[in-house]
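Chains as they are written, first to last, in our numbering: chain B, 1 to 393; chain Z, 394 to 647.
I should point out that these hints are in silico values taken from the structure, not numbers from a laboratory. Heads up, the beta-carbon is just placed ideally off N, CA and C, and yes, glycines get one too. There could be a bad hint or two in this list.
Unchecked claim - Stretches of chain Z that chain B covers, calculated by requiring three or more beta carbons in the stretch to come under 8 Å of a beta carbon on chain B: (1) 459–473; (2) 493–501; (3) 587–600.
As the list claims (entries may be wrong) - Far from chain Z, some chain B residues (derived; all Cβ distances over 12 Å): (4) T65; (5) G70; (6) P130; (7) E155; (8) D189; (9) D314; (10) S348; (11) I351; (12) E355; (13) G363.
Below are the chains, spelled out letter by letter.
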Amino acid sequence: MAEAQNIPAGSTTAGSIAVAAESTVATRMSAPPSFDVADFPVPHGREEEWRFTPLARLRGLHDGTAVASGEGVKVEIEAPEGVTVETVGREDERLGKAGKPVDRVAAQAYSSFEKASVVTVAKEAVLTEPIRIAVHGQGGVAFGHQVIELGAFAEAVVVIDHTGDAVLAANVDYVLGDGAKLTVVSVQDWDEKAVHVAQHNALVGRDASFKSVVVTFGGDVVRIHPRVSYAAPGGEAELFGLYFTDAGQHQEHRLLVDHNTPHCKSNVAYKGALQGQDAHAVWIGDVLIQAAAEGTDTYELNRNLVLTDGARVDSVPNLEIETGEIAGAGHASATGRFDDEQLFYLMSRGIPQAEARRLVVRGFFAELVQQIGLPDVQERLLAKIEAELEASV
Amino acid sequence: MATLEIHDLHVSVEAENGPREILKGVDLTIKQGETHAVMGPNGSGKSTLAYSLAGHPKYTVTGGTVTLDGEDVLEMSVDERARAGVFLAMQYPVEVPGVSVSNFLRTSATAVRGEAPKLRTWVKEVKSAMEQLQMDPAFAERNVNEGFSGGEKKRHEILQLELLKPKIAILDETDSGLDVDALRVVSEGVNRVRETGEVGTLLITHYTRILRYIKPDFVHVFANGRIAESGGAELADVLENEGYDKYVKGGASA
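Make the full structure from the sequences, and use the hints.
Pasting the structure below:
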């Protein structure tokens with residue numbers, strides 16, 4: 001069931017992969033989920049959920065020293081007809097319905113935000129245009145909360161764009177009514193100093209479909225934690241991710257799919273390319289199939305392509321299964337190096353070096369990009385990947 | 394007429410205790426339309442010759458010259474050599490994940506020909522070349538060499554040979570690991586290219602078996618890093634009967 005491989009990364013690269021021998025998805029967090037930051041001790045870096053993260057570079061988000069400044073981030077929401085956009089206070093009861101914060105920074109965000117955005121798509125409304133949320137960093141510290149809620153049988157695409165410079169901790173709730181279809185693209189295209197730690201909670205209704213596309217290019221430290229659970233049977237979740245980690249960047253994607261309900265599906269596919277000294281990508285893929293979740297069908301995959309020496313990958317898939325009555329469950333993780341022999345092979349067919357590299361990286365991402373299903377987003381991603389490669393060659 | 398001239402070629406590799414000389418003065422001239430078989434025991438340096446000509450970074454040329462129509466091949470980068478018309482069919486082609494065969498072929502044909510082939514004629518060209526090599530059309534959508542069987546890898550190498558139409562084709566143990574049927578199909582591919590008269594072929598092999606399908610004009614015995622003896626096709630028959638013993642034991646005395 002578990003397939004894990006590590007293509008030899010060569011003698012000089014630090015590319016590596018670790019596969020957990022046994023998973024303890026539900027129990028290994030250092031404190032139970034809570035909305036209150038006081039329920040979490042300040043992490044010191046050896047906790048399971050923090051061991052890959054450079055705490056010293058979180059600019060105080062983890063230890064209470066980061067204080068919201070007036071010029072944190074500017075949030076602009078552009079929504080087509082049929083969508084209600086509200087800015088609400090902390091007491092609004094629609095907040096936090098999709099899941100509780102599971103670590104100290106997420107709880108800090110929940111304890112510290114002042115205003116939240118609530119975006120509601122009415123029952124049976126089928127949007128033809130995406131909802132666009134622009135989160136632009138203004139150089140300060142910010143704590144945020146956003147809720148995207150779809151009524152029954154509503155269909156929507158949401159594109160959240162993170163740009164600029166900020167130190168941002170946030171929680172985002174996605175609540176899908178029965179039969180609803182939601183695609184969310186979250187692009188982390190931050191300036192190079194930005195720090196962004198976010199927990200995404202999706203609660204998938206009966207027969208609803210949730211698709212999350214997380215794209216991380218920028219920032220100094222980006223740590224995104226998409227989580228999915230199901231409110232009723234028949235739900236489907238697809239979690240796709242792409243990242244391009246450059247020298248010095250830390251990009252961490254931690255996922256949890258909690259199969260707490262029978263007959264739900266999940267499919268996770270994250271792919272990343274790394275280049276440059278101390279580029280560090282972390283991928284944690286946790287899937288929990290609870291005893292009640294008979295008929296579950298799940299698969300998760302992580303692929304990494306290490307383009308240069310000096311980059312590091314930690315990829316940890318975890319699958320915890322409490323019932324044998326499932327349709328399917330599997331995971332795969334592999335980290336490969338674009339090596340000199342591949343380069344020689346392509347060049348020996350007349351292909352110049354820079355083009356050979358582009359060919360390999362484009363090919364690596366192509367299949368995943370096609371699955372996003374949003375042509376304008378796909379084109380933008382491919383252009384961005386080209387730009388990343390241009391910068392490196 | 395294209396001519397590859399190898400003169401007094403010396404090549405070393407880095408070994409644990411310093412550089413080790415593998416090629417110790419190779420002289421060989423290959424003209425367009427000719428087929429030269431280079432035969433020799435394992436470890437004699439045959440593959441080193443092939444990879445050195447293609448420019449593999451592992452090998453360091455310490456002396457001698459290689460020219461293609463007077464142009465200094467050793468000064469060229471790997472891709473420049475390919476565009477100049479040197480092609481190496483590899484014994485162990487490398488997997489390139491994420492790159493489909495069709496994308497790879499078109500990219501390399503574009504690079505070698507200097508312009509993108511016209512789509513319609515290109516599709517036909519690839520299709521017919523694949524048919525002749527008895528390759529399933531679905532092959533084009535697979536990733537380069539990924540999960541290919543030994544026979545599929547060799548067919549894929551010869552497919553590239555047919556599409557890229559080099560001036561000089563170096564076939565490094567193309568016959569190794571092939572069953573008789575695959576050997577015949579692959580050899581027919583090589584022969585189609587030879588029959589154009591446009592290619593000079595350097596056929597590197599350990600066994601005489603492939604020479605039943607691909608008739609060489611010249612046979613060279615390779616031993617101890619240089620050519621120990623040269624002759625016509627009949628030299629292969631001598632090797633078939635007598636083996637390489639006299640070249641290995643006594644040392645080369647060319």
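Hints, verified against the model:
1. 459–473: That given contact holds, which follows from 3 residues of the stretch 459–473 of chain Z lying within Cβ reach (below 8 Å) of chain B.
2. 493–501: holds (count 5)
3. 587–600: Check failed, 0 qualifying residues.
4. T65: Holds, because the least Cβ-Cβ distance between T65(B) and chain Z comes to about 43 Å, which exceeds 12 Å.
5. G70: The assertion about G70(B) holds, with a minimum of 46 Å to chain Z.
6. P130: 29 Å, holds
7. E155: At roughly 32 Å from the nearest Cβ of chain Z, E155(B) sits farther out than 12 Å, so the non-interface label holds.
8. D189: 23 Å, holds
9. D314: 20 Å, holds
10. S348: 5 Å, violated
11. I351: The assertion about I351(B) is violated, with a minimum of 5 Å to chain Z.
12. E355: 7 Å, violated
13. G363: Violated, since 3 Å does not exceed 12 Å.
The structure shown violates the earlier hints numbered 3, 10, 11, 12, 13.
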